[in-house]
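Residues per chain, in single letters:
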Amino acid sequence: MINQSYRLVAPKQIRTEFIDEEITADCLFIRPTYLSICAADQRYYTGSRGKEVMDKKLPMALIHEAVGTVLYDPSGEYEKGCNVVMIPNTPHEYSSVIKENYLTSSRFRASGMDGFMQSVVKIKKNRVLPFYKASPNIAVLLELLSVAMNALEHFDKYSHLQKQIIGVWGDGNVGFVTSLVLKKTFPNAEIVVFGTTEQKLNYFSFADQTYLVNHIPPDLRVDHAFECVGGSGSEKAINQIIDYINPMGSIALMGVSENNVAINTRMVLEKGLTLLGNSRSGLEDFERSIAFIEENEDVRNYLHSIISEEVTVRSIADMHKAFENDLRNEFKTVMKWEI
Amino acid sequence: MTYVEILAGGKGTRMGNTEMPKQFLGLGTKPIFIHTIEQFLLLKEVDKIILCCSKEWISHAEDVIEKYIANKENVFVVEGGKDRNETIMNGCRYIEKHFGLNDEDIIVTHDAVRPFITQRIILENIEAAKKYGAVDTVIPATDTIIESKDAKIISNVPLRSQMYQGQTPQSFKIKDLMEIYISLTEEEKKILTDACKMFVIKGKNVHIVEGEVYNIKITTLYDLKIANAILKERENK
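Just so you know, the protein sequences line up as chains A and B, in that order.
Throughout the first sequence, residue numbering follows numbering that gives the first Met the number 0, covering 0 to 338 in sequence.
Throughout the second sequence, residue numbering follows numbering that gives the first Met the number 0, covering 0 to 236 in sequence.
If you're looking for bench data, these hints aren't it; they were derived computationally from the structure.
Certain hints may be false.
[Said to hold, decoys possible] Simulated pairs of lysine-lysine, PhoX-like, Cα-Cα distance not exceeding 25 angstroms: (1) B/K71 x A/K79; (2) A/K123 x B/K29; (3) B/K29 x A/K121; (4) B/K201 x B/K174; (5) B/K216 x B/K47.
Assemble the whole structure, with the sequences as input and the hints as a guide.
Below, the structure is given as structure tokens:
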């Protein structure tokens, strides 16, 4: 079949490209229904990844957060119309030690291979999971949730048991879902969120406490912390965490920065801190995420609150509108895919 | 029920020296009409697909479908008619005879040689045909349209903003389509090169679905070259 891939060819330029897709038995054909824009997509869209990276990766369809319906399953296992979430990480080998999202041989959608901005997505069957209770416009946030699940698993494995106060730095999308997952997983722990915008912090109603980063009580201490800031704010956030964290705490790093980050290693050593790197997610994280939203109606409601805008996409002009509006939106911009 | 009728009756007379009708020529890895059928086959909204082609190409079409399409149980090859509208009617008669007709049944008719059709265009055709009964797929005209009755002198230059170029699909409630066709005189049938025009001359509303510039009709060798040039393989990058 001839597929349409809506590829970014240069900053803020999207072109329809036609792909001759082979129908193979190990793949499914999915019609995307909802796609959501991530900061990583914006870095490509606006061209802030730098010329070298852009030259290497483009043309490429953006978006790695998407749900869709099964159009065709050559093996007949999935029924037509079944709601599924698509997993952007695509492993090419198995390791019993290294998680699929950290294997250097793995490929990732919208980072070296086409993302989900396509008319139809051809995808390996083991990169798709069905969901039933959540509506697709909420389930589109499953990938974001799975990233938090990946970090949580890592944290749970390596952090010490004293978890009375857990701090989350960052009042954006990642901060929101991470603190939500933490609150549900450690109901007895106090979840404290640190941000820069009062208005955004107001959305974190499930958190035990929120603070603006320039108004933190001097005697406040957290046992562990999650850094969900990224970008130019990473340095300040990580160093503030190092100041406010109790000795032997773990710091889960989740924010992506284009530049190297200078951190106070003297205090990292002095306090015996553990820094945990986290990136992306794999199949198991998606399975946990689906269970999480299917079992908790309140989680579905909380997730709904961070969808700032839903843009119906029927043309390339609509795609531009979604990306441009997203730069101004407080939280997530979701594209209802009707092209 | 939603039926799709792929019109593959063309004889390929405008394709220069190629021996096969254009719809059977290769585009990328497979024949043009297979790409077209596959796009419809993916949709759960589509119940059955009728491919209409001239009698002498039926066996060839069946062989090619056998070779390329795995889930072909809802694809039927039917003999076309002497012109476009007769071909459409043959498809409708086949449906009536083999599956029966209900008031709500619709047919989405589409040129086999427009393989760049999108899921959106198909879905909007189905939706609009169910709601309004008759739908055409069009794009706004980019060139100024000139009318000349004698091919020598311009008789009219219509306002471009009101001009559109017709593409396919054209979709209809089958019973309405058949009724209107039967009501036409032989004279009327001769001048009707387009199914939507039947509705228009009978004073019925035909609704519009927006097409795509790239939903091109592969009519000439030049079109086929362009189509092959814009079609890419899926790289494993």
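Against the structure, the hints:
1. For a cut-off of 25 angstroms, the pair hint linking B/K71 to A/K79 stands: about 16 angstroms separates their Cα positions.
2. For the suggested pair A/K123 and B/K29, the alpha carbons sit about 22 angstroms apart, so the restraint of at most 25 angstroms is met.
3. Pair hint B/K29 plus A/K121 holds up; C-alpha atoms about 18 angstroms apart against a cutoff of 25 angstroms.
4. As the CA atoms of B/K201 and B/K174 are separated by approximately 15 angstroms, the hinted pair is consistent with the 25 angstroms bound.
5. Only pairs whose Cα atoms come within 25 angstroms are accepted, and B/K216 paired with B/K47 is accepted, the gap being roughly 23 angstroms.
The structure agrees with every numbered hint stated previously.
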